[in-house]
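Spelled out from the first residue to the last, the chains are:
Number of protein chains: 2
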Amino acid sequence: MQPIGAVGLDEVSGLTTPIARFLDGNTDMPTPFLVFDLDVVALRYRQLREALPAAKVFYAVKANPAEEVLTALEQLGSSFDVASRGEIERCLRIGIEPERLAYGNTIKKERDVAFAYEVGVRTFTVDAEAELEKVVRQAPGSTVYVRIATDGTGADWPLSRKFGCDMAEAAALIRRAAWAGLEFGASFHVGSQQRDVRAWDRPLADVGALLDQLRSEGLEAAGINLGGGFPSHYVDPVPELGAYGTAIRAALAANLGGFAGEVLVEPGRYLVGDAGVIETEVVLISRRPDNDEARWVYLDIGMFNGLTETLDESIRYRVGTPGDRANQGPVVLAGPSCDSADVLYEKAGYQLPLDLRIGDRVRLLSTGAYTSSYSSVWFNGFEPLRCFFVSSHDQRVVAA
Amino acid sequence: MQPIGAVGLDEVSGLTTPIARFLDGNTDMPTPFLVFDLDVVALRYRQLREALPAAKVFYAVKANPAEEVLTALEQLGSSFDVASRGEIERCLRIGIEPERLAYGNTIKKERDVAFAYEVGVRTFTVDAEAELEKVVRQAPGSTVYVRIATDGTGADWPLSRKFGCDMAEAAALIRRAAWAGLEFGASFHVGSQQRDVRAWDRPLADVGALLDQLRSEGLEAAGINLGGGFPSHYVDPVPELGAYGTAIRAALAANLGGFAGEVLVEPGRYLVGDAGVIETEVVLISRRPDNDEARWVYLDIGMFNGLTETLDESIRYRVGTPGDRANQGPVVLAGPSCDSADVLYEKAGYQLPLDLRIGDRVRLLSTGAYTSSYSSVWFNGFEPLRCFFVSSHDQRVVAA
Numbered sequence: 000m001q002p003i004g005a006v007g008l009d010e011v012s013g014l015t016t017p018i019a020r021f022l023d024g025n026t027d028m029p030t031p032f033l034v035f036d037l038d039v040v041a042l043r044y045r046q047l048r049e050a051l052p053a054a055k056v057f058y059a060v061k062a063n064p065a066e067e068v069l070t071a072l073e074q075l076g077s078s079f080d081v082a083s084r085g086e087i088e089r090c091l092r093i094g095i096e097p098e099r100l101a102y103g104n105t106i107k108k109e110r111d112v113a114f115a116y117e118v119g120v121r122t123f124t125v126d127a128e129a130e131l132e133k134v135v136r137q138a139p140g141s142t143v144y145v146r147i148a149t150d151g152t153g154a155d156w157p158l159s160r161k162f163g164c165d166m167a168e169a170a171a172l173i174r175r176a177a178w179a180g181l182e183f184g185a186s187f188h189v190g191s192q193q194r195d196v197r198a199w200d201r202p203l204a205d206v207g208a209l210l211d212q213l214r215s216e217g218l219e220a221a222g223i224n225l226g227g228g229f230p231s232h233y234v235d236p237v238p239e240l241g242a243y244g245t246a247i248r249a250a251l252a253a254n255l256g257g258f259a260g261e262v263l264v265e266p267g268r269y270l271v272g273d274a275g276v277i278e279t280e281v282v283l284i285s286r287r288p289d290n291d292e293a294r295w296v297y298l299d300i301g302m303f304n305g306l307t308e309t310l311d312e313s314i315r316y317r318v319g320t321p322g323d324r325a326n327q328g329p330v331v332l333a334g335p336s337c338d339s340a341d342v343l344y345e346k347a348g349y350q351l352p353l354d355l356r357i358g359d360r361v362r363l364l365s366t367g368a369y370t371s372s373y374s375s376v377w378f379n380g381f382e383p384l385r386c387f388f389v390s391s392h393d394q395r396v397v398a399a
Numbered sequence: 000m001q002p003i004g005a006v007g008l009d010e011v012s013g014l015t016t017p018i019a020r021f022l023d024g025n026t027d028m029p030t031p032f033l034v035f036d037l038d039v040v041a042l043r044y045r046q047l048r049e050a051l052p053a054a055k056v057f058y059a060v061k062a063n064p065a066e067e068v069l070t071a072l073e074q075l076g077s078s079f080d081v082a083s084r085g086e087i088e089r090c091l092r093i094g095i096e097p098e099r100l101a102y103g104n105t106i107k108k109e110r111d112v113a114f115a116y117e118v119g120v121r122t123f124t125v126d127a128e129a130e131l132e133k134v135v136r137q138a139p140g141s142t143v144y145v146r147i148a149t150d151g152t153g154a155d156w157p158l159s160r161k162f163g164c165d166m167a168e169a170a171a172l173i174r175r176a177a178w179a180g181l182e183f184g185a186s187f188h189v190g191s192q193q194r195d196v197r198a199w200d201r202p203l204a205d206v207g208a209l210l211d212q213l214r215s216e217g218l219e220a221a222g223i224n225l226g227g228g229f230p231s232h233y234v235d236p237v238p239e240l241g242a243y244g245t246a247i248r249a250a251l252a253a254n255l256g257g258f259a260g261e262v263l264v265e266p267g268r269y270l271v272g273d274a275g276v277i278e279t280e281v282v283l284i285s286r287r288p289d290n291d292e293a294r295w296v297y298l299d300i301g302m303f304n305g306l307t308e309t310l311d312e313s314i315r316y317r318v319g320t321p322g323d324r325a326n327q328g329p330v331v332l333a334g335p336s337c338d339s340a341d342v343l344y345e346k347a348g349y350q351l352p353l354d355l356r357i358g359d360r361v362r363l364l365s366t367g368a369y370t371s372s373y374s375s376v377w378f379n380g381f382e383p384l385r386c387f388f389v390s391s392h393d394q395r396v397v398a399a
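As you go down the protein sequences, you meet chains H and A in turn.
To convert, note that position 217 of the first sequence is 216 in numbering that gives the first Met the number 0; the numbers rise steadily by one, no gaps.
To convert, note that position 344 of the second sequence is 343 in numbering that gives the first Met the number 0; the numbers rise steadily by one, no gaps.
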């Protein structure tokens with residue numbers, strides 16, 4: 000295993016100029032907190048539009064539901080994938096038109112479907128008969144996307160069997176939807192932080208075959224939803240976004256060449272992950288029994304106040320530290336709570352400078368996605384992660 | 000594997016009269032929510048005092064930090080184990096005297112030690128040299144408990160290597176503490192939801208040997224902290240609390256017969272777990288590809304809005320449902336979010352009535368501990384778990 004060394008704070012990797020300026024100006028601010036550069040969201044949005052010009056972007060609000068983020072994306076022209084009534088209400092409150100919302104969660108209470116329809120939402124996703132019937136009853140004339148199961152190979156955040164139906168059921172659900180007067184489409188998700196640009200190939204072949212079959216029955220799909228999966232920059236290298244665009248465009252041409260409907264993508268992590276940096280502090284460094292080699296480094300942020308995605312060490316953030324990076328040694332990274340499960344990285348192979356000290360500031364890079372909204376309300380008496388939003392029209396360095 | 004069947008709602012198991020009355024009177028209240036019976040806390044407190052009359056009770060605030068719970072325990076005469084500055088401030092705000100607080104987290108910022116000392120806290124726990132030095136510098140004359148590592152065998156919630164030092168280091172830390180003018184004690188934790196009443200035997204033998212050694216050097220301990228670990232009533236049966244009392248008293252007599260200092264216990268789960276019931280609703284029932292047998296039952300509560308302890312299916316709650324319990328079939332239980340990791344029980348072997356329907360109310364019993372304060376602030380746009388507190392001076396049935 001390749002050891003994961005600290006990233007130098009003088010190497011600007013992951014630190015944009017507005018973030019660096021904020022951190023430099025707030026060295027006494029109590030930690031932990033997240034600084035988020037809204038310009039990175041704009042950059043990522045443009046990159047995605049360039050890579051997949053035919054696709055309409057539906058930002059997955061759950062990745063970072065801050066109003067600042069939603070407003071920035073609304074101004075860029077994005078649409079929004081929402082997971083709940085709460086997310087719908089927040090989007091409407093800041094002025095996003097309901098036609099720009101897609102209710103993408105396949106698990107919805109019927110009264111929430113009714114609410115969504117009443118406020119103007121017309122796009123829903125389902126993967127089961129009972130869920131489709133809720134849409135039939137409560138959202139006449141809407142477009143329903145039927146989600147097809149994929150195996151998630153190549154993705155860092157696990158994709159369980161929780162979502163998606165097989166091809167035969169998808170066809171049956173679509174026939175039922177069409178019969179009930181709904182528009183329909185097909186959707187799938189290749190798994191979050193997908194590092195294989197070819198992961199879209201097989202589901203697109205399946206979708207192509209499915210839509211051909213339906214077309215032969217006189218049923219024409221209104222759209223295809225390619226899901227998310229586009230990566231942020233963590234420890235393990237990822238392909239350039241352009242490579243995803245090339246691969247997906249090729250798979251679309253090969254399998255759905257004549258498709259005239261809408262093509263949707265649902266990026267979450269990709270648009271906001273690299274935009275955030277968490278500033279944290281070393282609370283304690285100690286050695287534990289039975290482990291002579293690795294120091295235990297306890298930070299003031301952990302699994303329960305923002306770093307949920309370190310679960311099973313799935314998402315491995317880059318760590319920036321002060322100190323002598325020519326002399327590093329193995330560490331276990333843990334959170335500040337009394338909970339034994341609050342250990343971030345024990346097996347991943349992190350190394351940090353041997354001269355790291357208690358009280359040092361440590362930065363976790365590319366932490367703009369799935370951090371702040373996952374924070375516990377008051378676990379162990381720790382406050383939820385505070386967030387600050389910055390931006391600038393200056394030239395500045397952006398990670399990767 | 001024994002299948003885990005549904006508990007009948009007519010069997011009153013886990014439902015006290017005040018909780019049942021609240022639920023009966025609020026059948027239209029939007030779910031999910033937690034109903035918590037404060038009388039159960041009082042009952043459990045008395046049971047623990049009876050089982051271990053010599054021990055002073057320090058309630059582990061993190062288990063349920065609601066002010067209602069803290070106030071009830073304050074009136075019963077409890078002291079409090081706190082994990083953070085936030086928990087200290089909350090306890091003081093509701094009028095708990097600082098002498099009744101022990102700062103038991105072994106991972107503390109030095110300025111938080113200073114804060115605690117300044118407001119009157121005089122009891123701290125450490126397990127590392129650097130942590131002890133913070134207490135030496137900031138909390139002169141206090142009592143410091145040195146936490147010894149245990150292996151956690153027999154506990155349902157995993158105990159990692161995150162906490163505790165070995166015996167040699169404990170002795171060294173205590174000598175240093177005494178030399179610096181601090182009082183000292185020894186502490187350990189056998190792991191949460193500990194189902195083996197003999198789990199205290201070995202750490203108490205170790206502590207007895209340690210204190211004998213220190214006594215021979217002229218150092219006398221001020222106290223022993225037995226930690227927590229006393230169980231709530233989940234699916235797997237647990238011994239009666241009396242059996243824990245008998246075993247622990249025997250281990251104390253055998254290893255620390257002449258000990259004249261204080262004995263502390265830190266129950267969290269035991270005092271509050273059985274006091275709570277979560278009311279939830281079935282949002283969707285479906286069958287997934289590749290699994291013909293088990294239905295997937297999606298509830299409106301999941302891993303990220305209250306049921307964190309289902310992580311790795313560690314804590315298995317009893318589930319109460321309506322329907323025909325003579326005809327049950329296997330289910331996978333999952334939460335309502337778009338996150339693939341939000342699956343509660345897939346391997347544990349739960350069975351629920353075959354006639355369970357979407358919209359049915361389902362009750363999760365003994366969910367008063369480690370639920371509400373673990374909820375995410377706004378994950379997937381879901382609100383944190385709402386809580387209602389009830390009590391009564393009437394006679395009523397209490398679980399187990």
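Derived by calculation from the structure, the hints in this document are not laboratory data.
Every residue, glycine too, gets a C-beta built ideally from N, C-alpha and C.
Mixed in with the good hints, there may be bad ones.
Interface residues of chain H toward chain A, partial, derived using beta-carbon atoms under 8 Å [what the hints assert, rightly or not]:
id	residue
1	Glu86
2	Arg89
3	Arg92
4	Lys108
5	Ala129
6	Arg174
7	Trp178
8	Leu209
9	Gln212
10	Ser215
11	Phe303
12	Asn326
13	Gln327
14	Pro329
15	Ala333
Here are a few chain A residues that face chain H, going by a calculated C-beta distance under 7 Å [what the hints assert, rightly or not]:
id	residue
16	Lys61
17	Thr70
18	Gln74
19	Leu75
20	Ser78
21	Glu86
22	Ala129
23	Arg160
24	Leu283
25	Gly328
26	Pro329
27	Ala333
28	Pro335
29	Phe378
30	Asn379
Going through the hints against the structure:
1. Glu86: With a minimum Cβ separation of about 3 Å from chain A (threshold 8 Å), the hint on Glu86/H holds.
2. Arg89: holds, 7 Å
3. Arg92: Not OK, violated: Arg92/H not within 8 Å of chain A, min 12 Å.
4. Lys108: holds, 6 Å
5. Ala129: It holds, given that the least Cβ distance between Ala129/H and chain A is near 6 Å, below 8 Å.
6. Arg174: violated, 18 Å
7. Trp178: violated, 20 Å
8. Leu209: violated, 14 Å
9. Gln212: For Gln212/H, the interface hint is violated, since the closest Cβ of chain A sits about 18 Å away, which is over 8 Å.
10. Ser215: Because about 24 Å separates Ser215/H from the closest Cβ in chain A, which is outside the 8 Å limit, the hint is violated.
11. Phe303: holds, 7 Å
12. Asn326: violated, 20 Å
13. Gln327: With Cβ-Cβ at 19 Å, over 8 Å, it is violated.
14. Pro329: Violated. Min distance 14 Å.
15. Ala333: Holds. Min distance 6 Å.
16. Lys61: Since the shortest Cβ distance to chain H is 5 Å, the answer is holds.
17. Thr70: For Thr70/A, the interface hint is violated, since the closest Cβ of chain H sits about 16 Å away, which is over 7 Å.
18. Gln74: violated, 21 Å
19. Leu75: violated, 21 Å
20. Ser78: violated, 16 Å
21. Glu86: holds, 3 Å
22. Ala129: holds, 6 Å
23. Arg160: This interface hint holds because 5 Å falls under the 7 Å limit.
24. Leu283: Since chain H brings a Cβ to about 5 Å from Leu283/A, closer than 7 Å, the hint holds.
25. Gly328: violated, 16 Å
26. Pro329: violated, 14 Å
27. Ala333: This interface hint holds because 6 Å falls under the 7 Å limit.
28. Pro335: holds, 5 Å
29. Phe378: Given a least distance of 5 Å, the restraint on Phe378/A holds.
30. Asn379: holds, 4 Å
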